[in-house]
Amino acid sequence: MSEPPPESGRAARVMAALADGIIAVDEAGTIRICNPAAEELLGRSANELIGTPFGYPVVNGESTEIDLVLPGGRTRVVEMRATTATLVGEPLHVAALRDVTIRHEAEQEMEAELERNSMVIAVVAHEVRNPLTGIGMLVDMLREPEETFTDQERTDVLDQIADRTSRLQSLVKKLLTVAKIDAQAVRAMVEPVPVLELILERLAEFADRPNVNVTCDPHVRVLADRSELSEILINYLENAFRYGAPPFEIHVAGRDGAVEIRVCDHGPGVPEAFRPRLFERFSRESRSRRESKGSGLGLWIVRSLAQANGGEAYFEPGDQGGSCFCVRLPEAPPT
Amino acid sequence: MEDQPPAALTPMATYAFRMYVAGRSRRSQAAEENLRALCDFYLPGCHEIEIVDATEQPALAEEERILATPIVIRKSPLPGYRVIGDLSDRSRAAFLLGLPDSGRPSPEGQRL
Numbered sequence: 001m002s003e004p005p006p007e008s009g010r011a012a013r014v015m016a017a018l019a020d021g022i023i024a025v026d027e028a029g030t031i032r033i034c035n036p037a038a039e040e041l042l043g044r045s046a047n048e049l050i051g052t053p054f055g056y057p058v059v060n061g062e063s064t065e066i067d068l069v070l071p072g073g074r075t076r077v078v079e080m081r082a083t084t085a086t087l088v089g090e091p092l093h094v095a096a097l098r099d100v101t102i103r104h105e106a107e108q109e110m111e112a113e114l115e116r117n118s119m120v121i122a123v124v125a126h127e128v129r130n131p132l133t134g135i136g137m138l139v140d141m142l143r144e145p146e147e148t149f150t151d152q153e154r155t156d157v158l159d160q161i162a163d164r165t166s167r168l169q170s171l172v173k174k175l176l177t178v179a180k181i182d183a184q185a186v187r188a189m190v191e192p193v194p195v196l197e198l199i200l201e202r203l204a205e206f207a208d209r210p211n212v213n214v215t216c217d218p219h220v221r222v223l224a225d226r227s228e229l230s231e232i233l234i235n236y237l238e239n240a241f242r243y244g245a246p247p248f249e250i251h252v253a254g255r256d257g258a259v260e261i262r263v264c265d266h267g268p269g270v271p272e273a274f275r276p277r278l279f280e281r282f283s284r285e286s287r288s289r290r291e292s293k294g295s296g297l298g299l300w301i302v303r304s305l306a307q308a309n310g311g312e313a314y315f316e317p318g319d320q321g322g323s324c325f326c327v328r329l330p331e332a333p334p335t
Numbered sequence: 001m002e003d004q005p006p007a008a009l010t011p012m013a014t015y016a017f018r019m020y021v022a023g024r025s026r027r028s029q030a031a032e033e034n035l036r037a038l039c040d041f042y043l044p045g046c047h048e049i050e051i052v053d054a055t056e057q058p059a060l061a062e063e064e065r066i067l068a069t070p071i072v073i074r075k076s077p078l079p080g081y082r083v084i085g086d087l088s089d090r091s092r093a094a095f096l097l098g099l100p101d102s103g104r105p106s107p108e109g110q111r112l
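Residue numbers (the working numbering), protein chains in the order written: chain S, 1 to 335; chain F, 1 to 112.
It cannot be assumed that every hint is accurate.
Away from chain F, derived, C-beta distances all over 10 Å, residues of chain S [what the hints assert, rightly or not]: (1) 57; (2) 64; (3) 67; (4) 75; (5) 278.
Label-pair restraints from in silico Cβ distances [to be verified]: (6) S:91 with F:33: 48 to 58 Å; (7) F:14 with S:47: 33 to 43 Å; (8) S:108 with F:46: 40 to 50 Å.
In short, the hints are calculated from the structure, not lab data.
Think of the CB as a built atom: it goes at the ideal place given N, C-alpha and C, for glycine as much as any other residue.
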């Protein structure tokens, strides 16, 4: 009972939440007995607690919620039950304290998870159904025995099938990344990554892409997970090509130990009202052409990956209209 | 001594209470309402209540070694009894705060 409190932290709090904190006070309301769970809940050692005035716990009914005042003024909500006991003939008032902060957090997390799951189903159903329906119709056309296609027409139809298939592959990849982030399985393998080299590699992967002007010192390197930085760039570029308009530009600049990569376009930009929610999960601008495209996952993935790499992702409106999607990552020291 | 009023007419000592709450939550408000109601019942016209938000005045809460809220402290007359909870069990709270006549049952039909 007189041991110092275990090291604080979520694990210790969870352990404390499993056991009730017990505080027993005497007839003067002074703490006589406390257990390790109470030490953890109150953030104080038994040495500090025993002899301190606590007060008589009074509960109407089975239990009541109270706030514990922690050192430094923070508070923690606990459920209190009260009873009386006798120790060697001396009456004691006993308060049993149970952390409900973790329970409240768990309930909120569960509600958010349920909401996310139902949104995942809705988004996936919408995003998968449309290209699949299109693929089915195009395949039926090609199979139609009475239809005769020129080589060019056949190529066009196959290109459309390939485009829809690629959209589905991209969506599946995004969903896998989301699952990894949700499972907190994103473990950034940080290494110095030459930024220009990576940008050129990614641009090369976009077939029939429009021209992109790149401004980047070839010696600039960031400290990041290479594959995750690739994913960030791909999401930004897909976004620019899908919603923006040329000219497309990528600017890279190092400043104050960080490197900022800006992917800019000269399209219609993002309405001001939508900007605060731009990087939220499943956020999609409504009542616009964005409504029918995009999973609403790309920018959320970008921000999650940027933060996992010790950086940040953000939006800035372009100087002359359009959009700049930016990511800032730690700069690698020079070799 | 002969100037003193008869004992039956001696005015009741003024009771002073300080209640610590944490923010303006529903339970803080309920505790304050319950304290005012039980004081109006047991100590009509001779009580003072001070409400302190422990989150706004952490130094004062620390000085008084407040470990939990809502808590009411009887500041005077001493001893400084303390009761923790929302005081919805008003008669038990009054008893533990040592209010006069708090052992008596509530008058018929009168709600605390």
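Results for each hint:
1. 57: Violated, because the least Cβ-Cβ distance between residue 57 of chain S and chain F comes to about 5 Å, which does not exceed 10 Å.
2. 64: 5 Å, violated
3. 67: Violated: least Cβ distance 4 Å, not greater than 10 Å.
4. 75: 5 Å, violated
5. 278: 33 Å, holds
6. S:91 with F:33: 48 to 58 Å: 30 Å, violated
7. F:14 with S:47: 33 to 43 Å: Given a distance of about 38 Å, which is inside 33 to 43 Å, the answer is holds.
8. S:108 with F:46: 40 to 50 Å: For residue 108 of chain S and residue 46 of chain F the Cβ distance comes to about 46 Å; the hint holds.
In summary, the structure is inconsistent with hints 1, 2, 3, 4 and 6 from the numbered list given earlier, while agreeing with the others.
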